[in-house]
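Line by line, the protein sequences are chains A and B. Sequential numbering of the first sequence, starting at 31, is according to this note's numbering. Sequential numbering of the second sequence, starting at 2, is according to this note's numbering.
Hints may contain errors.
[Claimed, not checked] Not the full set, but computed from the structure, chain A residues with beta-carbon under 10 Å of chain B:
no.	residue
1	R60
2	H63
3	A94
4	L98
5	Q100
6	G160
7	E161
8	I206
9	I210
10	G213
11	Q215
12	A219
13	Q221
14	Y229
15	L230
16	D243
Because the hints were derived from the structure by calculation, they are not lab data. All figures in this text were calculated on a predicted structure; none of them were measured in a lab. Backbone N, C-alpha and C define an ideal beta-carbon position, used for all residues, glycine too.
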Amino acid sequence: MEYKDYYKRLGVSREATQDEIKRAYRKLARKYHPDVSKEENAEAQFKEVQEAYEVLKDPEKRTAYDQLGQNWREGQQFRQPPGWDQGGFEFRGGGFTGADAGAFSDFFESLFGGGFRQAGPGGGFRQPRGEDQFARIDVSLEDAYRGATRQIALENPMVDAQGNVTAQRRSLNVRIPAGIRAGQQIRLAGQGALGGDLYLEVNIQPHRLFQLDGRDVSLTVPIAPWEAALGTKVAVPTLGGEVSATIPAGAQSGQKLRLKERGLPGKPPGDQYLVLKIVAPRADTDKARKLYRQMADELAFDPRAGAWS
Amino acid sequence: MADIIEAAVIDNGTLFTLRELCRSSGAHAEVIIEMVEIGLLEPQGRDPADWRFPPQSLARIHSTLRLRRDLEVNLSGAALALDLMDEVARLRRRVRALERQLGE
Chain A
31 MEYKDYYKRL GVSREATQDE IKRAYRKLAR KYHPDVSKEE NAEAQFKEVQ
81 EAYEVLKDPE KRTAYDQLGQ NWREGQQFRQ PPGWDQGGFE FRGGGFTGAD
131 AGAFSDFFES LFGGGFRQAG PGGGFRQPRG EDQFARIDVS LEDAYRGATR
181 QIALENPMVD AQGNVTAQRR SLNVRIPAGI RAGQQIRLAG QGALGGDLYL
231 EVNIQPHRLF QLDGRDVSLT VPIAPWEAAL GTKVAVPTLG GEVSATIPAG
281 AQSGQKLRLK ERGLPGKPPG DQYLVLKIVA PRADTDKARK LYRQMADELA
331 FDPRAGAWS
Chain B
2 MADIIEAAVI DNGTLFTLRE LCRSSGAHAE VIIEMVEIGL LEPQGRDPAD
52 WRFPPQSLAR IHSTLRLRRD LEVNLSGAAL ALDLMDEVAR LRRRVRALER
102 QLGE
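One chain only, chain A, in its complex shape (with noise of 0.2 Å):
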């Protein structure tokens, strides 16, 4: 296993104050809290803020710690040192924060695992019935379309015959019913911890070329002119394939178009919408500049007729 620095990971120095400590966790746990956080990997980041915490905020774990020496970096090889075995503390009623049992390193679990994981009142963690667990699931806006069937990996906390708390980890393959909306909730009924129901919230990732709101999907057209002005057919992708849509003569940027049904599906299912972008050509040949110098005398159009008044 490898040895955590937990004053770097606290970004304190070894003669810090409990108090400098506290201070550096509170601030760190609100960067990194998973229900605050969009920092990247915020959970894996907290969790790592949240052990140090456990250990350095207690007296008794920290002097533990500490005496393993200062010549150890982060990520090197550890082997837990002779004798150790929680030898001369009795990690007692700490005030565990409450993190979620089991999620603590193999490190952290060697140093101050059994002892310490029975003691204190309450544990926390120990619940008599299952609490539903809830994490969330990014789902990419082609599976929300089609449904798609995922894997998902689990840690939860498990007692022993010993009273020890280990972590449990295990992996489900989930089916993604087709058409779930962003921010919905998937209820996975028994496979929380402890018999609980696990509670998925399904975050749809952005999409390349399609905006999502609800069930409707949006997509910018880029059109010419000329096709505004005459009218076209234009192939476009939808989520369930190319279709050909009809741009009316006369169409302008900004326009929307309504394909019927072409978005998420449902009860009702959702739409898709073209929104026309007209692009004009740069005039960098004669040929260009002609036919522009020949629409600027003939054409009567003045784009800012009434804008203004």
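Once you have looked at the hints, place chain B on chain A.
Just chain B, lined up with the frame of chain A:
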């Protein structure tokens, strides 16, 4: 290869009772009643026995309890954080939509 688990979708018509929320969150009824009093949860119905909570309530309760535990804020503080985060999420979506309309 594990079995495939069918997921039940919680749609907006699904409503939860106070008892169900207590079981789900492991929180005492008084805590959830306090969350209603500070406007963190908005159930339909007059008194606690008749309360019916929309499905988002579940995640909100769990988030609130975690924030309270991990960041040492009280329920009002957690409520404020959640409201602001909802607002941030809404604005982010709006920014993304507008950026896209501007053609990136």
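Hints and how they fare:
no. : hint : verdict
1   : R60  : 6 Å, holds
2   : H63  : 6 Å, holds
3   : A94  : 24 Å, violated
4   : L98  : 27 Å, violated
5   : Q100 : 29 Å, violated
6   : G160 : 9 Å, holds
7   : E161 : 4 Å, holds
8   : I206 : 6 Å, holds
9   : I210 : 7 Å, holds
10  : G213 : 8 Å, holds
11  : Q215 : 4 Å, holds
12  : A219 : 7 Å, holds
13  : Q221 : 7 Å, holds
14  : Y229 : 6 Å, holds
15  : L230 : 7 Å, holds
16  : D243 : 8 Å, holds
In the structure shown, a violation is registered for the earlier hints numbered 3, 4, 5, in ascending order.
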